[in-house]
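Chain by chain, the residues run as shown.
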Amino acid sequence: MKLKFFLILLITFFGFAPGVFARVSVNDTYQAKQSQFEDSVNGLSDPGKKQKILEFNQMLKDVNLKVTSRFDDDMAKMAAILEEFKRRKNVTETTVAYGQGDTPLDSGAYWVNWAQEAVAYQKIQDYTPYFSGNNVSGAARNSISRLSSDLGTVKNKVLTAKTYVQKAVSYAE
Amino acid sequence: MPSKFTLVLLAVVGLSLWVTYTLLNSKTGSSSLAIPGFQQMAKSSPIPTPETPTYNPPKDYKFDENTNVQNELDSINPQVVDTDFTDLESLQESF
Numbered sequence: 012m013k014l015k016f017f018l019i020l021l022i023t024f025f026g027f028a029p030g031v032f033a034r035v036s037v038n039d040t041y042q043a044k045q046s047q048f049e050d051s052v053n054g055l056s057d058p059g060k061k062q063k064i065l066e067f068n069q070m071l072k073d074v075n076l077k078v079t080s081r082f083d084d085d086m087a088k089m090a091a092i093l094e095e096f097k098r099r100k101n102v103t104e105t106t107v108a109y110g111q112g113d114t115p116l117d118s119g120a121y122w123v124n125w126a127q128e129a130v131a132y133q134k135i136q137d138y139t140p141y142f143s144g145n146n147v148s149g150a151a152r153n154s155i156s157r158l159s160s161d162l163g164t165v166k167n168k169v170l171t172a173k174t175y176v177q178k179a180v181s182y183a184e
Numbered sequence: 002m003p004s005k006f007t008l009v010l011l012a013v014v015g016l017s018l019w020v021t022y023t024l025l026n027s028k029t030g031s032s033s034l035a036i037p038g039f040q041q042m043a044k045s046s047p048i049p050t051p052e053t054p055t056y057n058p059p060k061d062y063k064f065d066e067n068t069n070v071q072n073e074l075d076s077i078n079p080q081v082v083d084t085d086f087t088d089l090e091s092l093q094e095s096f
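These protein sequence lines are chains A and Z, in that order. Using this note's numbering, read the first sequence as starting at 12 and increasing by one per residue. Using this note's numbering, read the second sequence as starting at 2 and increasing by one per residue.
Source of the hints: derived by calculation from the structure; they are not laboratory data. Do not take every clue at face value.
Claimed, not checked - Under the rule of at most 27 Å between Cα atoms (straight-line distance), these lysine-lysine pairs were calculated in the DSS-like manner:
{"hint": "1", "chain 1": "A", "residue 1": "K134", "chain 2": "Z", "residue 2": "K63"}
{"hint": "2", "chain 1": "A", "residue 1": "K178", "chain 2": "Z", "residue 2": "K5"}
{"hint": "3", "chain 1": "A", "residue 1": "K61", "chain 2": "A", "residue 2": "K44"}
{"hint": "4", "chain 1": "A", "residue 1": "K178", "chain 2": "A", "residue 2": "K97"}
{"hint": "5", "chain 1": "Z", "residue 1": "K63", "chain 2": "A", "residue 2": "K100"}
{"hint": "6", "chain 1": "Z", "residue 1": "K63", "chain 2": "A", "residue 2": "K88"}
{"hint": "7", "chain 1": "Z", "residue 1": "K5", "chain 2": "A", "residue 2": "K134"}
{"hint": "8", "chain 1": "A", "residue 1": "K88", "chain 2": "Z", "residue 2": "K60"}
{"hint": "9", "chain 1": "A", "residue 1": "K168", "chain 2": "A", "residue 2": "K77"}
{"hint": "10", "chain 1": "A", "residue 1": "K97", "chain 2": "Z", "residue 2": "K60"}
{"hint": "11", "chain 1": "Z", "residue 1": "K63", "chain 2": "A", "residue 2": "K97"}
{"hint": "12", "chain 1": "A", "residue 1": "K134", "chain 2": "A", "residue 2": "K72"}
{"hint": "13", "chain 1": "A", "residue 1": "K77", "chain 2": "Z", "residue 2": "K5"}
{"hint": "14", "chain 1": "Z", "residue 1": "K5", "chain 2": "A", "residue 2": "K168"}
{"hint": "15", "chain 1": "A", "residue 1": "K168", "chain 2": "Z", "residue 2": "K63"}
{"hint": "16", "chain 1": "A", "residue 1": "K88", "chain 2": "A", "residue 2": "K100"}
{"hint": "17", "chain 1": "Z", "residue 1": "K60", "chain 2": "A", "residue 2": "K168"}
{"hint": "18", "chain 1": "Z", "residue 1": "K60", "chain 2": "A", "residue 2": "K100"}
{"hint": "19", "chain 1": "A", "residue 1": "K72", "chain 2": "A", "residue 2": "K44"}
{"hint": "20", "chain 1": "A", "residue 1": "K72", "chain 2": "Z", "residue 2": "K60"}
As the list claims (entries may be wrong) - Some chain A residues close to chain Z (C-beta under 8 Å, calculated; not the full set):
{"hint": "21", "residue": "K63"}
{"hint": "22", "residue": "I92"}
{"hint": "23", "residue": "F96"}
{"hint": "24", "residue": "R99"}
{"hint": "25", "residue": "V102"}
{"hint": "26", "residue": "A151"}
{"hint": "27", "residue": "G163"}
As the list claims (entries may be wrong) - Quick look at which bits of chain Z chain A covers, simulated, 3 or more residues with Cβ under 8 Å:
{"hint": "28", "segment": "58-72"}
{"hint": "29", "segment": "86-92"}
Ideal Cβ positions, reconstructed from N, Cα and C, are used throughout, including at glycine.
Using the sequences and the accompanying hints, generate a full structural model.
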């Protein structure tokens, strides 16, 4: 009886283990969605429309990269400003891993780091217009809307960082 | 003298260890073991094809004591402008 129970347990384990332990990474999900997108594109009967949707998808990536690269420049400039102030004030170390720090310089460093992370995260976002059937236009509009909204959010984060850098500058001067 | 039950148990445990070892050491995922889902577990994710244009790293800003830092800070003006989306919107309208 015990043996039968043990064998059933063993068979169950090996039957389900691969499924349980199979790891689905973010990349797997992305690849699956891309594959789904390609299938949808291939399902379009109009070759011109196919070409346009692929071009549109690439353009979304380009716009995201273009705008986030501008933010990158802004953040690099802010970081350099803080570095210069630290140098002028003989501050040799500002390590703010958690929390916002004790001085405006610490806070500035924290918020610059926070905004830099937001920009880096935005850069890898996916705005592929996933559509079903012929609803290409709606999906495309949705992608533009999401991209615009997300970039606006990141812009506000960059501005928040700028506010704290301004406080640090005012404090240090 | 071990009982029949102990012998069977030992055989089953030994077999389980062997199967587990084979599973974990399979490099290709195309083992002859017909366990559903195993191939999915062992197969690595394909590397995404880079579709984005070449990424330009941010400029390397370096300031010194002669720099008017306030001016540099004032010049930072993050924008998301309508023209960023002009081409996208005109293409979207053509669908």
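Checklist entry - Honestly, which of those hints from before does the structure not fit? => result Of the numbered hints given earlier, those the structure breaks are 2, 7, 13, 14 and 25, listed in rising order.
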